[in-house]
Amino acid sequence: YIMGFDGEPTGVGEAISETIQNTAIPVNMVGMLFALPTTQLTRRLEREGRLTKNFDVVTAEQGDQCVEGLNFDTTRPKTEILTEYVSVIRRAYAPKAYFGRVTEMALALNCKGLKLSLGVRTQMSEIASFLRMIWHVGLTNWWSPRWWRLLGAVLVRNPRAIRYALWMGTLYTHFSEFSPFIIERLTRRIEHEKDAEKTGMSRVFDPARVIASKSSENKLRAPGADPRLMAIRVPAAAAGGSAHAVAKTA
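For the sequence shown, my numbering begins at 562 and goes up steadily by one.
Just so you know, these hints were derived from the structure itself, not from any lab. We put the beta carbon where it would ideally sit given N, CA and C, even for glycine. Any given hint could turn out to be false.
Said to hold, decoys possible - Straight-line alpha carbon distances no greater than 30 angstroms define the calculated BS3-like cross-link-like pairs of lysine-lysine that follow:
#	residue 1	residue 2
1	614	759
2	673	657
3	755	614
What the hints assert, rightly or not - Between beta-carbon pairs, the in silico distance windows are:
#	residue 1	residue 2	range
4	617	706	44 to 50 angstroms
5	748	636	19 to 25 angstroms
6	648	728	24 to 30 angstroms
Produce the complete structure using the sequences and hints provided.
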């Protein structure tokens with residue numbers, strides 16, 4: 562999901578959050594629109610005078626697609642977009658929501674007829690991995706009860722899917738640390754954008770400006786005029802001939 566498009570309504574973050582949960586897809590990528598150099602988007606934004614200063618310069622502290630973006634004047638306040646973006650991440654990777662999606666996915670998997678034949682050495686390795694998983698995931702985290710509930714639900718209702726459920730459930734060891742990190746950085750950026758909006762450094766672009774500009778350009782042209790016929794009429798009139806006859810002949 563990408564946030565920050567022109568015409569994006571207030572409340573789109575709520576719609577994204579609901580979509581993420583309703584689709585039961587455990588891992589979802591959410592980011593902000595970024596104008597990359599030499600792209601059609603950047604060329605359009607440049608024509609409209611919307612690119613921010615040094616929009617194409619990336620420092621050592623930047624470059625993270627999860628927290629960077631919106632390097633142009635957006636059509637609604639950046640603080641509003643960022644606030645909704647934080648809400649999406651917070652809701653999507655809350656333990657209850659994440660493990661709820663993993664459980665729903667695992668129970669929906671059709672594993673009938675699936676056979677897995679492992680050698681003795683591989684089986685021993687799998688058992689060792691599961692024991693390490695229990696220690697590092699099932700016993701040492703504040704959200705570990707969610708992991709055990711997932712394990713129990715899948716073992717009872719769709720045991721053949723337990724391998725996939727454990728993989729996705731264990732991934733939360735990453736998201737449980739990464740999502741707070743992202744939220745903390747975005748919160749700092751929101752404060753920065755608030756200050757920028759107060760000083761006029763962060764502007765909201767009004768699409769009506771472009772519409773008005775195009776309307777003015779169209780008024781300069783005669784309605785229905787064909788530029789090729791206009792090019793023919795000028796020299797014909799200058800030569801004292803009939804512009805209508807020349808255009809008709811052409």
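Results of checking the hints against the structure:
Of the pairs offered as hints, the one joining residue 614 and residue 759 holds, with about 18 angstroms between alpha carbons and a cut-off of 30 angstroms not exceeded. The hinted pair formed by residue 673 and residue 657 meets the criterion: a straight-line CA distance of about 28 angstroms does not exceed 30 angstroms. Restraint check: the Cα-Cα separation between residue 755 and residue 614 comes to about 18 angstroms, which is no more than 30 angstroms; the hinted pair holds. Checking the proposed 44 to 50 angstroms range against residue 617 and residue 706 shows it holds: the Cβ atoms sit about 47 angstroms from each other.
A C-beta distance of roughly 23 angstroms is found between residue 748 and residue 636, which places it inside the suggested range of 19 to 25 angstroms. Taking 24 to 30 angstroms as the suggested C-beta distance range, the pair residue 648 and residue 728 conforms, at roughly 28 angstroms.
Hint violations for this structure: none, all hints satisfied.
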